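**Q** What follows is the residue order along each chain.
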Amino acid sequence: MKALTIFKAVTKNWMRSRSGLFFSILFPILLLVVFGAIFSGIGGTSKYDLFVQNLDLKAADGEPSDLSLAFIEALNSTETFAIKDVSPSENATEYAREALGPLGGSMRILVISEGFQDDLINGTLKVRIGISYDTLNMYYWYFEPYMDDAQKAAFQQGLDQMQQYNATIPDTKSSLTIMVDPSDQSAAIIKSIIASVANAFNYEMIGAENVIEFNETSVTTTRYSNVDFYIPGITAAFIMTNGIIGLAATATEFKRRGIIKRLSITPLTKMDWIIGNVLSQALLNLMLTAIMIALGWVIFNVRVIPDAFSIALILLGSIMFSGIGMALSGFIKDVEAASAIGNAIAFPMMFLSGTYFPLELMPDYLQTISKALPLTYFSEGLKHAMIYKNPEGVYLNMLIVAILAVAFIILGSLVTRWKEK
Amino acid sequence: MNKAVVEVDSLVKQYGQLKAVDGISFEVYEGEVFAFLGPNGAGKTTTVEILECIRPLTSGTARIFGYEVTRNEDVKEIKRRIGALPQEFSALDKLTVKENIELIGDMYEKHLDVMEIIKLLDLEDKTNEKFENLSGGLKQRVGVAAALVSDPQLVFLDEPTTGLDPKSRREVWVVIENLKKLGKTVFLTTHYMEEAQVLADRVAIINKGKIAVIGSPQELISQHGGLKVLVIRKGDKKLADSLQKRYGQTTMNGNGDILVKIDDVDELWQMMTTLTEMRVGKDIEIQTPTIEDVFLKIVGGRITEEGEFKQ
Chain V
1 MKALTIFKAV
11 TKNWMRSRSG
21 LFFSILFPIL
31 LLVVFGAIFS
41 GIGGTSKYDL
51 FVQNLDLKAA
61 DGEPSDLSLA
71 FIEALNSTET
81 FAIKDVSPSE
91 NATEYAREAL
101 GPLGGSMRIL
111 VISEGFQDDL
121 INGTLKVRIG
131 ISYDTLNMYY
141 WYFEPYMDDA
151 QKAAFQQGLD
161 QMQQYNATIP
171 DTKSSLTIMV
181 DPSDQSAAII
191 KSIIASVANA
201 FNYEMIGAEN
211 VIEFNETSVT
221 TTRYSNVDFY
231 IPGITAAFIM
241 TNGIIGLAAT
251 ATEFKRRGII
261 KRLSITPLTK
271 MDWIIGNVLS
281 QALLNLMLTA
291 IMIALGWVIF
301 NVRVIPDAFS
311 IALILLGSIM
321 FSGIGMALSG
331 FIKDVEAASA
341 IGNAIAFPMM
351 FLSGTYFPLE
361 LMPDYLQTIS
371 KALPLTYFSE
381 GLKHAMIYKN
391 PEGVYLNMLI
401 VAILAVAFII
411 LGSLVTRWKE
421 K
Chain H
1 MNKAVVEVDS
11 LVKQYGQLKA
21 VDGISFEVYE
31 GEVFAFLGPN
41 GAGKTTTVEI
51 LECIRPLTSG
61 TARIFGYEVT
71 RNEDVKEIKR
81 RIGALPQEFS
91 ALDKLTVKEN
101 IELIGDMYEK
111 HLDVMEIIKL
121 LDLEDKTNEK
131 FENLSGGLKQ
141 RVGVAAALVS
151 DPQLVFLDEP
161 TTGLDPKSRR
171 EVWVVIENLK
181 KLGKTVFLTT
191 HYMEEAQVLA
201 DRVAIINKGK
211 IAVIGSPQEL
221 ISQHGGLKVL
231 VIRKGDKKLA
241 DSLQKRYGQT
251 TMNGNGDILV
261 KIDDVDELWQ
271 MMTTLTEMRV
281 GKDIEIQTPT
291 IEDVFLKIVG
301 GRITEEGEFK
311 Q
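If you're matching them up, the sequences are chains V and H in order.
Reading the first sequence from the start, the letters are residues 1 to 421 in the working numbering.
Reading the second sequence from the start, the letters are residues 1 to 311 in the working numbering.
In isolation and in its complexed conformation, chain V is listed as follows:
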């Protein structure tokens, strides 16, 4: 079969091309290793840099107050922050900027205000007395019918004294100031963690206990690591780039150099040519998936196993993106333009299809756009097949990918010119 001959030839040609191998296989692997290294925790978990300036000093010796130190210790115990002390005499912003240097990361400064300890003690006392007062008051109204007048008067006197004492406590609150760079993507997470620590500190001070128990369990039957979740996304994204950038550039190059014209003079048909190229892409993509998973097993101990659905999806995805690549090469004359246009299509699609970032994080209008992108369905389908083992999620996405595969391969074959004008 002539398509098989074409398949063998273009595959061999690709496998002997260093740049082809790099962009199709090695680059995705590098990306997986980078993502894996960041999110797997191997080699130590990374921490957020946090500059802390403690302005709450004891009057006697100028040392930090006990409660402010306890709060910093509580922040440390979360194992989330790499805390860097800023002397109270420094301008915190200037100090942090200098410490980070010209290539430094995001600037995050927590300032513990002067009087933090006193305000915390006063505030805590006020709250505790207030709670005690309310409790006793409630009991008073509950037991009043059973008390004589002397008991009532004594109870009332006690309550009045509590109220009077509470009024003497200054109505102040301890204050923490967090300064962040507006462009810092992690700012929201950091603020949320500091707020949680402050709340826990509050509870501890007033002697409150958590009454809601928070349990966490996985939606998957197998216990997957973070890297497992990245594998379908990265695989899908690079199957897309192999078709839209790789095949488009190769097919344009074959056209420009007259290789397609040379083949068209032989009895080879256009359909044989297209099938041969799609088969080559399918093999490349199956190899890419196998290598990614094998590497994931060895380095990151991943557990995803592609099943029949995953393989079917990869084949359909290969057809779909090969169709787009073929269609592009039909319109474009030179390789540089093919590569540029391929990148212009592939890269936004990569980031808007939920392969690297969850769709829920995107604004509504971007989520709407993502629904029009073929990679969204391919990537989601692979996630359902490889991770969630959810056939219903696979069927719907697979159906959409199959329809798009047929549509794009028809478009690709219509646009591919087998005859000159």
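By construction, these hints were calculated from the structure, which means they are not laboratory data.
Do not rely on the hints blindly, as some may be mistaken.
Unchecked claim - With a straight-line Cα cutoff of 20 Å, these simulated EDC-like cross-link-like pairs (lysine to aspartate or glutamate) come out:
#1 V:K419 / H:E73
#2 V:K270 / H:E77
#3 V:K421 / H:E88
#4 H:K76 / V:E420
Please read these numbers as outputs of a predicted model, since none were measured by experiment.
Fit chain H to the given chain V structure using the hints.
**A** Chain H alone, transformed into the frame defined by chain V:
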């Protein structure tokens, strides 16, 4: 005369108002080397690609081995029987010479032994060399090998020596001469006058989509090439004036050479006797007209090395 394997009648290829091929008619006979000679844009490649069934025609008819190039059923038959070296031939860079020839061979139901073809084209040393590492001349030879691997009866060679250095060009000429010896019919397009004259049994001069003249190089030269010219290198004005008085048709070129047109052999002998008597001991040579002179006379211009037409 052998039977015609290519029959073209009133062939027209039009792009909007432009007629790239303007009603040409010709035949190519079995076993001959037929050359289409003309400048870039004359319509050579367009005609060849119509005959190779990869470009539709606007009007007229074209038959290869009696099969119509416009009928789908016939196209399959034509493609089985022809071989082609397209203009600026290229192949898969990372495949070897052998793999590239095999690739083209595998497109046919049967093909010749690839190693035989490699031997025929003297490419044995390069059998396992990647295509990207070959010189221009070797790449063209691989192209010719690919054109022959299906053992075609008719081979189209579209500008097979364009862009090659003189040595590589001669190598390709040898290959084409061998094709003729093998009994193949060769349809050659070129803008090199010498190539057409040396290789072709018949030449069609084509310009602006029209065939100006067809015939064997000898026929064309004798009919349209003009007179032979006696050239006396670095002659002087006095000698030139003397020859002009006796024989007429004498001029001097920019290099100081005296050029005297000769009507026949008798006149040549007379002239030689005169020069001996005058003790002219200069370099003397006789220039015979070439296809270039034919082209100049018929089309009214020359073709540059790059293939451009120059008046």
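**Q** All the hints need checking, so say for each whether the structure fits it.
**A** Results for each hint:
1. V:K419 / H:E73: holds, 16 Å
2. V:K270 / H:E77: OK: K270 of chain V and E77 of chain H at ~17 Å, within 20 Å.
3. V:K421 / H:E88: holds, 18 Å
4. H:K76 / V:E420: holds, 17 Å
When each numbered hint is compared with the structure, no violation occurs for any of them.
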